[in-house]
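Engineer: Here the protein sequences come in this chain order: A and B.
With the UniProt record's numbering applied, the first sequence has no gaps in its numbers, which climb one by one up to 329 at the end.
With the UniProt record's numbering applied, the second sequence has no gaps in its numbers, which climb one by one up to 329 at the end.
Hints are computed from structural coordinates only; laboratory data are not their basis.
We put the beta carbon where it would ideally sit given N, CA and C, even for glycine.
Accuracy of the hints is not assured; some may be wrong.
Part of the chain A face toward chain B, derived, beta carbon under 8 Å [said to hold, decoys possible]:
id : residue
1  : 71
2  : 78
3  : 82
4  : 85
5  : 256
6  : 258
7  : 304
Spelled out, the chains give:
Number of protein chains: 2
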Amino acid sequence: MDPTKVKIPPMKDLNIDNITENTITINSQGDDPRLTYLMERLVTHLHNFARETRLSTKEWMTALNFLVKVGQITTDVRHEYILLSDILGLSLLVDAIDHPKLPGTTEGSVLGPFHTHEAEEISSGSGMSSDPQGEPCIVVCTVKDPAGNPIEGVKVDIWETDSTGHYDVQHADRTGPDGRCIMKSDKNGEFWFKAIVPVPYPIPHDGPVGQLLKLLKRHPWRPAHMHFMFEKEGWDHLITALYLRGDPYETSDAVFGVKNSLIVEFVPAPADIAAKYGVPEGTKYLKHDFVLVSDKETEKLRDDNALKAMQQLGRKVKLLNHLPVPDVD
Amino acid sequence: MDPTKVKIPPMKDLNIDNITENTITINSQGDDPRLTYLMERLVTHLHNFARETRLSTKEWMTALNFLVKVGQITTDVRHEYILLSDILGLSLLVDAIDHPKLPGTTEGSVLGPFHTHEAEEISSGSGMSSDPQGEPCIVVCTVKDPAGNPIEGVKVDIWETDSTGHYDVQHADRTGPDGRCIMKSDKNGEFWFKAIVPVPYPIPHDGPVGQLLKLLKRHPWRPAHMHFMFEKEGWDHLITALYLRGDPYETSDAVFGVKNSLIVEFVPAPADIAAKYGVPEGTKYLKHDFVLVSDKETEKLRDDNALKAMQQLGRKVKLLNHLPVPDVD
Numbered sequence: 001m002d003p004t005k006v007k008i009p010p011m012k013d014l015n016i017d018n019i020t021e022n023t024i025t026i027n028s029q030g031d032d033p034r035l036t037y038l039m040e041r042l043v044t045h046l047h048n049f050a051r052e053t054r055l056s057t058k059e060w061m062t063a064l065n066f067l068v069k070v071g072q073i074t075t076d077v078r079h080e081y082i083l084l085s086d087i088l089g090l091s092l093l094v095d096a097i098d099h100p101k102l103p104g105t106t107e108g109s110v111l112g113p114f115h116t117h118e119a120e121e122i123s124s125g126s127g128m129s130s131d132p133q134g135e136p137c138i139v140v141c142t143v144k145d146p147a148g149n150p151i152e153g154v155k156v157d158i159w160e161t162d163s164t165g166h167y168d169v170q171h172a173d174r175t176g177p178d179g180r181c182i183m184k185s186d187k188n189g190e191f192w193f194k195a196i197v198p199v200p201y202p203i204p205h206d207g208p209v210g211q212l213l214k215l216l217k218r219h220p221w222r223p224a225h226m227h228f229m230f231e232k233e234g235w236d237h238l239i240t241a242l243y244l245r246g247d248p249y250e251t252s253d254a255v256f257g258v259k260n261s262l263i264v265e266f267v268p269a270p271a272d273i274a275a276k277y278g279v280p281e282g283t284k285y286l287k288h289d290f291v292l293v294s295d296k297e298t299e300k301l302r303d304d305n306a307l308k309a310m311q312q313l314g315r316k317v318k319l320l321n322h323l324p325v326p327d328v329d
Numbered sequence: 001m002d003p004t005k006v007k008i009p010p011m012k013d014l015n016i017d018n019i020t021e022n023t024i025t026i027n028s029q030g031d032d033p034r035l036t037y038l039m040e041r042l043v044t045h046l047h048n049f050a051r052e053t054r055l056s057t058k059e060w061m062t063a064l065n066f067l068v069k070v071g072q073i074t075t076d077v078r079h080e081y082i083l084l085s086d087i088l089g090l091s092l093l094v095d096a097i098d099h100p101k102l103p104g105t106t107e108g109s110v111l112g113p114f115h116t117h118e119a120e121e122i123s124s125g126s127g128m129s130s131d132p133q134g135e136p137c138i139v140v141c142t143v144k145d146p147a148g149n150p151i152e153g154v155k156v157d158i159w160e161t162d163s164t165g166h167y168d169v170q171h172a173d174r175t176g177p178d179g180r181c182i183m184k185s186d187k188n189g190e191f192w193f194k195a196i197v198p199v200p201y202p203i204p205h206d207g208p209v210g211q212l213l214k215l216l217k218r219h220p221w222r223p224a225h226m227h228f229m230f231e232k233e234g235w236d237h238l239i240t241a242l243y244l245r246g247d248p249y250e251t252s253d254a255v256f257g258v259k260n261s262l263i264v265e266f267v268p269a270p271a272d273i274a275a276k277y278g279v280p281e282g283t284k285y286l287k288h289d290f291v292l293v294s295d296k297e298t299e300k301l302r303d304d305n306a307l308k309a310m311q312q313l314g315r316k317v318k319l320l321n322h323l324p325v326p327d328v329d
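Whole structure, please, built from the sequences with the hints as guidance.
Structural biologist: Here's what the structure looks like:
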């Protein structure tokens, strides 16, 4: 803290035109080149935003108070900043950058704010929803590599709302996890479970993010979907969801998650399927095959995309731990 | 909320390249053109930031959790988001945009997070600090227009730390406002008060903003200063501060507030001054003349600056309520 021990280039008389370079300079004394780069781009965009909009003091104060509210409504089971990122399209973008997909492999979708770490592991064929009002269904899946080989022992996290469109954590009187489970794929890459047919629901809009949506004349609805997350060492972490075809919000998802390749159909189980899985004929049935990409392939694709994008942007960077930093050599 | 009643252009299969235009489109349905413009620029910069840095999911999550903490440590008397804006140079920038100054008039400086609305009005000659450890001083001021005419009845808000470098609100056991007051300029534009000589102090660095400063190897110190805020109908609201010459942090203020024209010197009061103000000879004495700009002149200057800047940036905008909005005609 002794000012004689920090080497800061002298600054004074900062104004609209010189504040950015000065802030970047003072932020560039650390020994983490990635942080230096992130801060340089952050300050540049933040300042350019203010300069391009001629942001007023009143607007600035309104924005800061909004950000306070987003933080203060956040709890262990409601992450309003993830929600804000979701409705601004940032979550979709970051996932697309970080988890590029090869053709023919399962695309990613938004995580959303309702994943928890308390789901219980169930075995194939078990149920993951206790909601008697929901329409029963069975979901039969495989998880394979791009060549079609099954992947055994993948940890699969699955979560969905109840029939009222609420996740378990949204009920104040809940007694434990519901509408969520963890499964492991077997040696054929298979896992299947009983659940309820997903319904469309509005994202929580009783907080600051809901107020923003209202100001923007946007609805808060998400089309009916079921979340899936896949994890196994050596394979790229996959966060995705399956969406129901024909949902009224299919092309206006409040958080931009829908992809054509992730749209599915529940069909009435024919007699042979019903018998195989021990459910009444006509029970809603979904079959889906997921395809994972290896860590290595994803890493290479991510690096290639990053370098290509940086080149197109004319930025002089190199990759350090697979992330761009300024190339000062 | 009925999807048939909202006209949203269909969206699906959003990716790195098309997410920005789609987000902007869905955000542009409102009837407030200023909000539409702010959101368009916000989303553009936010997305470009992620694309230019190839922001990873891990970094994104770290950033969102940081923003939650900034909101959650904020209270009525500690606005951590103002602090964050201050150390990123945004506060200085917004003030410079919103309150442009004509040559020869008093420049602005950062508000900081410690202004409150509970200071008591005192009459000229009264004291505003009860700290017996502080070095006593008298501050003798005038407030005038650019032509040198005194401005009567200006509400002046003044605040400073105690001798330990803390504002009253930073003491858990405080009983009321201290080190802050409100005064009114008299018919000669004069006001004077007793205070203590300001000391340098670190901005609160026990929270997330302090952690960020540490990561960036920046110190949290502000040079010794006294805050002033001027308010009178017809005159541009002036938020400023006076800084002590020779302070060790004069050229490395953690929040970028120092300007040459705002650097002052406390001198020992000579015999005549001491007699005039009824203090012992040699008491530290500061004389300063503030110059306000009229609302109208500021508005014109702000408009001119905005249009000039927009033209230089090549942005097709017009001013609505003195703020840029897209010019769609």
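Engineer: Which of the stated hints cannot be reconciled with the structure, identified by number in ascending sequence?
Structural biologist: Hints 2, 7 are the ones this structure does not satisfy, whereas the remaining hints hold.
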